[in-house]
Amino acid sequence: MTSPSTATNPPLVCWSCHERTFGTHFCSSCGKLLQLPQALDYFALFEMPRKLCIEMSELEQKFLQLSWKLHPDNFVNATEQERELSLKHSSELNDAYRALRDPVGRVEYLLGIEGARKEGEHKQQAPPELLEEVFELNESLDELREAKASGGDLAVLKTRLESAEKNFQDKLGQVDAQLRVTAREWDATLQGDPATRKKIMAQLNELLNRRSYIRNLVTNVQKELL
Amino acid sequence: MGRIVGIDLGTTNSLVAYTDAETGQPKCVPGPYGDTLCPSVVSLDPDGSIIVGEPARRRLLTQPERTIYSVKRLMGRGPADVQSELKLFPFRIDSASKNVIRVLLGNRVFTPPEISAFILRELKNWAEALFGETVDRAVITVPAYFNDAQRLATKDAGKIAGLEVLRLVNEPTAAALAYGLHEKQRGRVAVYDLGGGTFDISVLKLISTTAGDIFQVLSTNGDTHLGGDDIDNLVQSHIQQDIMDCYGVDITQRPELVQELRKALIAVKHRLSENEEAILRFPLPNGAVYGTGFTRAAFEEWIRPVVERTMGPVKQALADAHLKPADLDEVVLVGGTTRTPLIRRTVQEFFDRKPHIELNPDEVVALGAAVQANILDHGVENMLLLDVTPLSLGIETYGGAVAKIIPRNSTIPASAQELYTTGVDNQTGIDIHVLQGERELAKDCRSLARFTLRVPPAPAGLPRIEVKFLIDANGILQVGAKDLRTGEQHSIEVQPSYGINESEIERMLEESIEYAEQDFAERQVIEARTESESILTATAKALTNPQAAGLSAEQRAKIDASVARLQESVAGRDYKLIRKRIDDLNHATEHLAELLMNSAVSTALEGRRLAEV
Numbered sequence: 008m009t010s011p012s013t014a015t016n017p018p019l020v021c022w023s024c025h026e027r028t029f030g031t032h033f034c035s036s037c038g039k040l041l042q043l044p045q046a047l048d049y050f051a052l053f054e055m056p057r058k059l060c061i062e063m064s065e066l067e068q069k070f071l072q073l074s075w076k077l078h079p080d081n082f083v084n085a086t087e088q089e090r091e092l093s094l095k096h097s098s099e100l101n102d103a104y105r106a107l108r109d110p111v112g113r114v115e116y117l118l119g120i121e122g123a124r125k126e127g128e129h130k131q132q133a134p135p136e137l138l139e140e141v142f143e144l145n146e147s148l149d150e151l152r153e154a155k156a157s158g159g160d161l162a163v164l165k166t167r168l169e170s171a172e173k174n175f176q177d178k179l180g181q182v183d184a185q186l187r188v189t190a191r192e193w194d195a196t197l198q199g200d201p202a203t204r205k206k207i208m209a210q211l212n213e214l215l216n217r218r219s220y221i222r223n224l225v226t227n228v229q230k231e232l233l
Numbered sequence: 031m032g033r034i035v036g037i038d039l040g041t042t043n044s045l046v047a048y049t050d051a052e053t054g055q056p057k058c059v060p061g062p063y064g065d066t067l068c069p070s071v072v073s074l075d076p077d078g079s080i081i082v083g084e085p086a087r088r089r090l091l092t093q094p095e096r097t098i099y100s101v102k103r104l105m106g107r108g109p110a111d112v113q114s115e116l117k118l119f120p121f122r123i124d125s126a127s128k129n130v131i132r133v134l135l136g137n138r139v140f141t142p143p144e145i146s147a148f149i150l151r152e153l154k155n156w157a158e159a160l161f162g163e164t165v166d167r168a169v170i171t172v173p174a175y176f177n178d179a180q181r182l183a184t185k186d187a188g189k190i191a192g193l194e195v196l197r198l199v200n201e202p203t204a205a206a207l208a209y210g211l212h213e214k215q216r217g218r219v220a221v222y223d224l225g226g227g228t229f230d231i232s233v234l235k236l237i238s239t240t241a242g243d244i245f246q247v248l249s250t251n252g253d254t255h256l257g258g259d260d261i262d263n264l265v266q267s268h269i270q271q272d273i274m275d276c277y278g279v280d281i282t283q284r285p286e287l288v289q290e291l292r293k294a295l296i297a298v299k300h301r302l303s304e305n306e307e308a309i310l311r312f313p314l315p316n317g318a319v320y321g322t323g324f325t326r327a328a329f330e331e332w333i334r335p336v337v338e339r340t341m342g343p344v345k346q347a348l349a350d351a352h353l354k355p356a357d358l359d360e361v362v363l364v365g366g367t368t369r370t371p372l373i374r375r376t377v378q379e380f381f382d383r384k385p386h387i388e389l390n391p392d393e394v395v396a397l398g399a400a401v402q403a404n405i406l407d408h409g410v411e412n413m414l415l416l417d418v419t420p421l422s423l424g425i426e427t428y429g430g431a432v433a434k435i436i437p438r439n440s441t442i443p444a445s446a447q448e449l450y451t452t453g454v455d456n457q458t459g460i461d462i463h464v465l466q467g468e469r470e471l472a473k474d475c476r477s478l479a480r481f482t483l484r485v486p487p488a489p490a491g492l493p494r495i496e497v498k499f500l501i502d503a504n505g506i507l508q509v510g511a512k513d514l515r516t517g518e519q520h521s522i523e524v525q526p527s528y529g530i531n532e533s534e535i536e537r538m539l540e541e542s543i544e545y546a547e548q549d550f551a552e553r554q555v556i557e558a559r560t561e562s563e564s565i566l567t568a569t570a571k572a573l574t575n576p577q578a579a580g581l582s583a584e585q586r587a588k589i590d591a592s593v594a595r596l597q598e599s600v601a602g603r604d605y606k607l608i609r610k611r612i613d614d615l616n617h618a619t620e621h622l623a624e625l626l627m628n629s630a631v632s633t634a635l636e637g638r639r640l641a642e643v
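Protein sequences, first through last, are from chains A and B.
Okay, so the first sequence: first residue is 8 according to the numbering used here, each after it adds one.
Okay, so the second sequence: first residue is 31 according to the numbering used here, each after it adds one.
Just so you know, the hints here were simulated from the structure itself, not pulled from any lab data.
Be careful, since some hints might not be right.
[As the list claims (entries may be wrong)] Computed spacing ranges between beta-carbons, pair by pair:
{"id": "1", "chain 1": "A", "residue 1": "Lys206", "chain 2": "B", "residue 2": "Ala490", "range": "44 to 54 Å"}
{"id": "2", "chain 1": "A", "residue 1": "Ala162", "chain 2": "B", "residue 2": "Arg339", "range": "22 to 32 Å"}
{"id": "3", "chain 1": "B", "residue 1": "Leu492", "chain 2": "A", "residue 2": "Pro135", "range": "28 to 38 Å"}
{"id": "4", "chain 1": "B", "residue 1": "Arg339", "chain 2": "A", "residue 2": "Glu146", "range": "46 to 56 Å"}
{"id": "5", "chain 1": "B", "residue 1": "Glu194", "chain 2": "A", "residue 2": "Gln68", "range": "46 to 56 Å"}
{"id": "6", "chain 1": "A", "residue 1": "Gln68", "chain 2": "B", "residue 2": "Arg339", "range": "51 to 61 Å"}
{"id": "7", "chain 1": "A", "residue 1": "Val20", "chain 2": "B", "residue 2": "Leu492", "range": "26 to 36 Å"}
{"id": "8", "chain 1": "B", "residue 1": "Gly430", "chain 2": "A", "residue 2": "Ala85", "range": "58 to 68 Å"}
Remember, predicted model here, so these are calculated numbers, not experimental data.
Beta carbons: idealized from backbone N, C-alpha and C, even for Gly.
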């Protein structure tokens with residue numbers, strides 16, 4: 008994913024009626040769909056502050072309301088330009104809903120627009136405190152692959168891997184819990200000083216990297232156990 | 031502007047429907063024979079004209095090399111993809127086919143979209159005959175699990191048939207729309223759609239808002255090569271082997287016998303949906319008659335693997351929607367194949383609730399397409415459909431891996447941006463490979479398109495090109511690029527990996543109009559006359575047979591009178607009258623047909639027309 012474009016001034020004049028306009032999606036003067044992009048981030052699109060704890064039913068309500076207005080089905084008999092705009096608006100809406108609906112995707116997106124998302128330099132490298140366990144896990148995985156190839160006994164190895172999988176699933180749960188705690192800290196300092204906010208974002212970034220590392224491990228184990 | 035219709039372009043049968051302006055209810059359009067189902071069969075007459083539907087279906091037996099069915103299986107696929115199909119279907123693929131499959135009918139070649147277009151044009155004719163007005167726009171349904179190439183091929187077929195395709199709607203979603211209008215259902219609904227060639231499962235949430243009803247698809251899954259055809263193939267290969275074992279006759283060498291047997295077995299399948307037992311008697315070329323009895327239980331054992339193959343996608347769709355079977359409020363069965371009792375039981379047991387079958391499973395998809403057509407025609411008033419993309423969209427990265435950029439089950443339209451730059455100085459092109467599928471390696475996914483992004487020469491890493499991948503409301507990919515340094519927009523010509531290009535579509539459209547120029551009614555008259563000719567000849571010949579002496583005077587008089595009436599009608603141009611008199615004569619000669627066959631064979635040929643014997 009690339010970071011969304013940074014804010015520029017929104018167009019103040021409608022492409023259709025050439026009047027000054029104040030609408031978000033539709034012209035306040037003539038009611039036509041407005042041009043995109045409007046430097047609208049996903050939070051702004053839903054008219055929500057950049058908070059990480061979101062009331063899901065509220066998000067869904069807004070999504071459905073906007074869908075009624077923006078969906079291409081409304082514009083089948085409209086001009087080519089309006090159909091084009093409706094496609095852009097509604098895909099943006101759906102992309103936004105997809106990103107914000109998922110708690111992890113939401114953090115990822117927020118860090119992206121705040122310019123604070125940095126994937127680990129060495130994505131494949133284990134976090135130091137997990138090194139030993141990851142080493143053991145990889146060993147077991149190798150043994151299982153060998154046993155599969157040579158037709159050896161798989162039962163013991165599978166049991167060992169299953170318990171390792173459970174162990175890492177637990178760790179994933181822990182990371183998610185930490186993410187929730189840190190997300191609340193973020194929400195509490197929404198108007199706070201920049202240094203604290205920066206620190207929290209760094210923590211969130213770290214947690215995301217950790218999460219994606221463990222998530223990969225679990226997926227790999229699950230694949231071998233199938 | 032002309033009228034708008036909804037079309038279910040099915041593997042086995044196709045239908046066209048419209049919304050009745052007075053009642054606001056969707057209705058299917060009947061064809062010239064009074065039936066709403068148009069068999070998806072196309073035949074090329076030796077005189078060069080195209081025959082579609084029921085008359086073409088009859089030609090499967092007499093002219094199999096000029097006739098094609100189940101062409102939907104070939105839509106949007108490359109020659110290499112269909113090798114396994116060729117073992118079971120009598121498709122004759124032109125050996126010169128490269129990216130695009132070309133099928134031989136007689137000695138002419140057609141692409142699958144062209145053949146589908148003949149079916150669409152036929153349905154368009156049906157609707158125009160009913161309305162007395164032109165039909166120029168349509169909503170066409172596709173299996174939810176159709177990929178980009180298959181959707182494009184369907185849209186191309188619409189264009190070739192002279193229709194503006196306003197929307198491709200997923201079949202299970204269309205069915206949900208029809209049911210929603212019918213029953214005013216609410217909550218979470220699973221739609222299990224097993225047709226002639228495709229299987230879909232969709233999970234929807236039906237939401238009532240102050241503005242109206244929203245049909246939101248939560249997840250979908252399926253198999254575009256799993257359906258009633260597979261049941262037929264399975265049973266057929268069992269029986270062909272049995273015939274080989276018992277009589278040493280290899281009927282696979284005789285296309286007309288394969289079709290004959292297929293037809294007989296489909297009849298057995300249908301009987302077993304109603305009865306516990308059915309008997310097959312099949313006359314062989316060596317004079318022997320192969321006979322076997324089926325019980326429903328034994329039949330179900332045979333077809334169980336096909337039914338079980340549907341359950342994997344069902345479970346995946348539920349998992350993707352984060353639901354358990356018990357969370358569903360309603361289950362709907364769609365598609366002719368769901369008449370099979372084993373399927374009804376399996377679905378009922380899995381969801382632990384009685385599935386809905388109130389609407390005719392053959393018609394419900396077309397009815398839903400008509401509902402959507404009406405919505406599009408009049409603007410979203412009280413119903414909105416939010417569908418999803420069935421497959422993840424990805425791009426190839428280093429080492430042949432795939433980076434997913436739009437996950438499956440994303441609400442469409444959906445988009446994703448990727449930023450590209452160059453790796454060496456003055457590099458002028460960046461190759462991009464777009465794929466669809468869930469696997470991790472590019473070679474295991476469906477290749478949608480490859481294209482080269484043009485970049486002005488610059489030091490490595492300096493160009494910044496943003497490529498936008500957008501899946502539109504039809505589930506079809508669009509690609510656009512923007513140079514972030516100059517703000518310049520590039521349009522990207524994406525040549526689909528298995529598609530046909532615009533100029534070819536133009537040519538096909540022109541050709542298809544040529545075929546269509548022969549007026550619809552005119553063609554009906556010609557077809558009816560041809561058919562009456564063959565039945566009159568067959569009757570005259572049969573009456574010279576010594577067995578005909580077994581007819582009572584009354585039966586004989588009835589035949590003679592029917593012959594005279596048919597001959598009289600053939601002179602006129604009323605094809606409906608000719609059809610009726612053909613039916614009358616068929617009826618009058620039933621006993622004669624029976625007399626002509628020995629008792630063993632006659633059982634197998636019960637209910638057949640004299641012309642077919």
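Do the hints match the structure? See the list:
1. A/Lys206 with B/Ala490: 44 to 54 Å: violated (36 Å)
2. A/Ala162 with B/Arg339: 22 to 32 Å: For A/Ala162 and B/Arg339 the Cβ distance comes to about 29 Å; the hint holds.
3. B/Leu492 with A/Pro135: 28 to 38 Å: holds (37 Å)
4. B/Arg339 with A/Glu146: 46 to 56 Å: violated (37 Å)
5. B/Glu194 with A/Gln68: 46 to 56 Å: violated (35 Å)
6. A/Gln68 with B/Arg339: 51 to 61 Å: The hint (51 to 61 Å, Cβ to Cβ) is violated, given that A/Gln68 and B/Arg339 are roughly 39 Å apart.
7. A/Val20 with B/Leu492: 26 to 36 Å: Roughly 34 Å apart at Cβ, these two residues keep to the hinted range, so it holds.
8. B/Gly430 with A/Ala85: 58 to 68 Å: violated (43 Å)
Hint check: violations occur at hints 1, 4, 5, 6, 8; the rest are consistent with the structure.
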